[in-house]
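Chains as they are written, first to last, in numbering that gives the first Met the number 0: chain A, 0 to 275; chain B, 0 to 220; chain C, 0 to 292; chain D, 0 to 258.
Treat the hints as calculated values from the structure; they're not laboratory data.
Some hints could be false.
What the hints assert, rightly or not - Covered stretches of chain D (chain A as the covering partner; in silico rule of three or more C-beta atoms under 8 Å from a C-beta of chain A):
id, segment
1, 49-57
2, 117-129
3, 135-145
4, 165-171
5, 183-193
What the hints assert, rightly or not - No farther apart than 20 Å at their CA atoms in a straight line, the calculated lysine to any residue pairs in the SDA-like style are these:
id, chain 1, residue 1, chain 2, residue 2
6, C, K178, A, D11
7, D, K61, A, N96
8, D, K251, B, Q5
9, A, K14, C, I30
10, C, K193, A, S190
11, D, K150, A, S190
12, A, K273, D, H151
13, D, K31, B, Q5
14, A, K9, C, P82
15, D, K121, A, Y177
16, A, K128, C, I30
17, D, K61, D, N22
Stated by the list, open to error - Listed next, with one range per pair, are the computed distances between beta-carbon atoms:
id, chain 1, residue 1, chain 2, residue 2, range
18, B, N12, D, E172, 17 to 27 Å
19, C, L280, A, Y272, 22 to 32 Å
20, C, L280, A, L160, 20 to 30 Å
21, C, A27, A, N96, 16 to 26 Å
22, D, P187, B, N12, 24 to 34 Å
23, D, K65, A, N96, 30 to 40 Å
Think of the CB as a built atom: it goes at the ideal place given N, C-alpha and C, for glycine as much as any other residue.
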Amino acid sequence: MNKTSFRRIKNDTYKLGLILLTIISTVPFLLILFFVIKNGIAVINWEFLTSLPKPIGENGGGIINGLIGTGILIIIATIIAIPIGIITGVYLAEYPNNLLSNSVRIVSEIFQGVPSIVVGIIAYFWLVKPMGHFSALSGSFALALILLPMIIKSTEEMVKLVPADIKEASLSLGVPYYRSILKVIIPASLSGILTGALTGIARISGETAPLLFTAFGDSFFNINIFKPISSLPLLIFNYSISPYQAWWAKAWGISFLIVIFILILNILTRILYKKI
Amino acid sequence: MTHIFQERQSILNDNIIEEATIVEQMIKKIINALINKDTNLLQEIIDGDEAKVNSLVIEINEMIIQLIARFQPEAGDLRSIMMIYKINGDFERIAKKSSKIAKSILLLMDEPPLKPFQDVPKMLEATISMLKDSITSFTTHNVQLAYDVCERDDIVDKYRSHISRELLILMIEDSALIQKSQSIERITRNIERIADLATNIAEDVIYIVEGEFIKTKKSKS
Amino acid sequence: MKLKLLNDKVFKNILIITTSIVLLIGVAFFITLILESTSSISKFGFKFFTSTDWDPVFEKFGALPFIVGTLLTSFLSLLIAFPFTFAIMVVLGEYFTKGFISEVLRYLTELISSIPSVVIGLWGLFFLVPAVRFFQITFGLQPYGVGIFTASLLLAFMIIPYAASIAKDAMRLVPKDLKEAAYSLGATRWEVIKQVMIPYSRSGIVAGILLALGRALGETMTVTMVIGNSHFIPKNLFSPGNTIASVIANEFTEATGDLYLSSLIYLALVLFLITALINLLGKYILKKIQINH
Amino acid sequence: MINSILKIENLSASYDDKVIIQNINLEFQKNKITAIMGPSGCGKTTLLRCLNRMHELTPNAKVSGKILLESTNLNDNFMELNSTDPILVRRRIGMVFQRPNPFPNLTIYQNVLAGYLLNGIKLKKQEADEIVEKHLNLVALWDEVKDNLKKHGTFLSGGQQQRLCIARALAMEPDVLLLDEPTSALDPISTQRIEDLIVELQKTVTIIIVTHNVGQAGRVSDFVAFLYLGDLIEYGLTDTIFTNPKNLQTEKFLTGKIS
């Protein structure tokens, strides 16, 4: 009897302890959120969103260059990665066991775990060095390399989820293979693929490391993809390690924007995910 | 059950009714032959009708086996098909008996008739009405009529014992008539069997409809 | 009709060519790293890993401080993360597998893993660093604030949700009848967790830890922001240091000499190989678990 | 009179060098229902999938022998399917699968027209409406779904989905319809409705059905082909084979001694 009650107490203690640890582990997150919101909202205003940064010492100034830059970087990265990713994902799902698909699967898995800074180095050697200067394009390329394996993976999984007999049904109606893939398989798995893509975009929208030696940053308004370009995460980094308090405040403001953006993407992803 | 099954079942029913009609016709022909002294009719029964019934019997048997093999009918369908199988056999026997009767009568035709012989058509009439009603009860699933048929078996039995008694007296009086009397005796026995078979059919109808086997026939002492 | 067959062929070729391009990028990626680090490899060879000298002016490059820094931060963060990861794994994998609490926790952990590392670094710089400095002053340590420990704390926070979600999935794969068998023998829930579920999902937990380690090894921005960027082997857990990733982030654009750059790529190659190996191993374990189910 | 629409000559098929069916010779009668039956793994489905050249889509699949389909061209009695574009073959030989598989991203209306839509064949609105109504009527689904044509087919019951799939195959006006165990995923009542439908459809189309269910073969077919271990063991009228099979294996299979 005594032993049983001891066991029961032990059981309850462990449960309580584990739940407590779980709650503690979310504390830093809540703190981050609190700091980002508290310090961020303070600096957000129209000027912050729409004007260029001003030299240190002058008041005001904004981050429009970073906003535009991040937008351009993400859009180009997505344009590069999505078609290649979807096509490759379809190939992996359709021909799951030949030499090519097995090696690509390994490559894609390695890519998923490659530190993003190493990706930045590659983009530097492939694009920055030959072109002679930093550019938005090289930054986008680096981001695309990070996005690509995520899209490949989600496409492969989603296409595999489409029952094989759906494809057969299409083929049995005399529909050519390519149309069956494009008109049946891809639409059927599209919301899943998009979910994957959105998750990936959320991730690259906060990437900083690979941009350090590719997009590099620029304090002027620029939409030329062959020139260096600024980006929000880069601005956070540069401002936060600067010695100026005014710039620290801006770093918080930008963080706020990014976190909001990622939250929105997250909600979008959830909505899409529910539709699958 | 599928269309095919229903289709086949109705063909089967048509066939059994066709068979019934032929059998009924055979007995009617006997009566007519007796009344009109028409040997051709008897010849028709012996040469044509029996063979016709026999080929129908085979056809129906095959159909039933196929139906059971392919559709594995259950409950009402199963009862109906099994009873048709039995009825089919009954008709086959009725046809055989009718043919025997026809043969026996053919032999008696040339000779002057015996008095009890005049009762044979009446007995036949009673039998044919039983047969008719049992067939009607089958096609209309009329249990009441079927029970009625079973009851009427006694009438035919009475005819037969009546005729037997008369024949017995005749044979005691005149031993020359023994052979002839025995022929008539055989005929009445066959008619009585036909009536029994008609009763069987009626009992089968009761089983199809009510799902219960009954035996109305009293065991003969 | 001929046209349609032709289209099929074209389509299949597009699939193959695009996929091959991905393969090509992967191979070229690796080759680029090797080629660009050749001069450093041939100059320093294996000594690169044992030397503590990192002197761009005299073109002497030894990576030991960074390797030590990387290993220290990674393993320290794993150590810090482990109890929390374990707790989340059990809580989400067994106590609350469905319902509101599980949804909220799952959503929270998902959100944590999607916050950009640079934002976490920012928070670390302005909240954690002063906090650690306060702690160091209180205990009479040198008040750096930044350093190995601070970086490990942040890393731990970042890898907890990642490791926990993998481990939790493994835990949920435990067959129901196995659990029920244990309950029917009179075991308490904790005993079932400890004696049935954890042994059963051991390889999944290992995979989660491995993949989290891979993350910690390669994480750049947060570490760069709070580690203190020192070229010396850290004296203790609170001293500043540098990891492979942070040294690349700090010095790559300033690297003037060819050998300097090449040495940084050498570091990148090492980082790449280690993380690739750890990742493949983790994924391999996960795949094996999935096949078993 | 024998009126064949589809002939198989010396057909063999293998997969990964494993022979699945060998040297099969068979003729399918026009507007009749032929059931292919046999124990699992005997090659029924493979045989069926050879007929509309779906088998060759399986990796490492090999097919040899001739399959001849009654030609639409009057000069030529039969055309050989192996030398015909598979796309054309599949338009003349439709197929329905084990599990109901309506296209999830298409509406009921679009599902019936899927053969046209996916092939990029343009139809006038009126023409399309007619095709949809006609074929949904043909599968006795029109009254049940006519108010929900713009909805996706996923809310339909399994049996309704399967009928939708049959309508989809029929909308291409095929000459032959292949059914691969079309009721194996359905409940008994849906199964019965599909069986009724199959019998009804033979007026419009020649039907070849694979089934592992002896009863089903008995209920719906006119002819039966019995396959065992990749060989065609017996072929004939269903009535004959079900009551009096010539082959011992067929007898054993029908009486449940091999399955």
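Structure-based check of each hint:
1. 49-57: Holds, because 3 residues of the segment 49-57 of chain D bring their Cβ atoms closer than 8 Å to Cβ atoms of chain A.
2. 117-129: holds (count 3)
3. 135-145: Violated, because only 0 residues of the segment 135-145 of chain D bring their Cβ atoms closer than 8 Å to Cβ atoms of chain A.
4. 165-171: This one holds; 3 residues, not fewer than the three required, reach chain A with a Cβ under 8 Å.
5. 183-193: violated (count 0)
6. C:K178 <-> A:D11: 18 Å, holds
7. D:K61 <-> A:N96: Cα-Cα ~19 Å, so holds.
8. D:K251 <-> B:Q5: Violated, at roughly 28 Å.
9. A:K14 <-> C:I30: 51 Å, violated
10. C:K193 <-> A:S190: Measuring from Cα to Cα gives roughly 39 Å; hence the hint is violated.
11. D:K150 <-> A:S190: 18 Å, holds
12. A:K273 <-> D:H151: Roughly 17 Å between the alpha carbons, so the hint for K273 (chain A) and H151 (chain D) holds.
13. D:K31 <-> B:Q5: 18 Å, holds
14. A:K9 <-> C:P82: Holds, at about 18 Å.
15. D:K121 <-> A:Y177: Within the cut-off at roughly 18 Å; holds.
16. A:K128 <-> C:I30: It holds: about 16 Å lies between the C-alpha atoms, which stays within 20 Å.
17. D:K61 <-> D:N22: 13 Å, holds
18. B:N12 <-> D:E172: 17 to 27 Å: 37 Å, violated
19. C:L280 <-> A:Y272: 22 to 32 Å: 29 Å, holds
20. C:L280 <-> A:L160: 20 to 30 Å: Between L280 (chain C) and L160 (chain A), where Cβ atoms are some 26 Å apart, the hint holds.
21. C:A27 <-> A:N96: 16 to 26 Å: 25 Å, holds
22. D:P187 <-> B:N12: 24 to 34 Å: 26 Å, holds
23. D:K65 <-> A:N96: 30 to 40 Å: 31 Å, holds
Checked against the numbered hints above, the structure violates hints 3, 5, 8, 9, 10 and 18; every other hint is satisfied.
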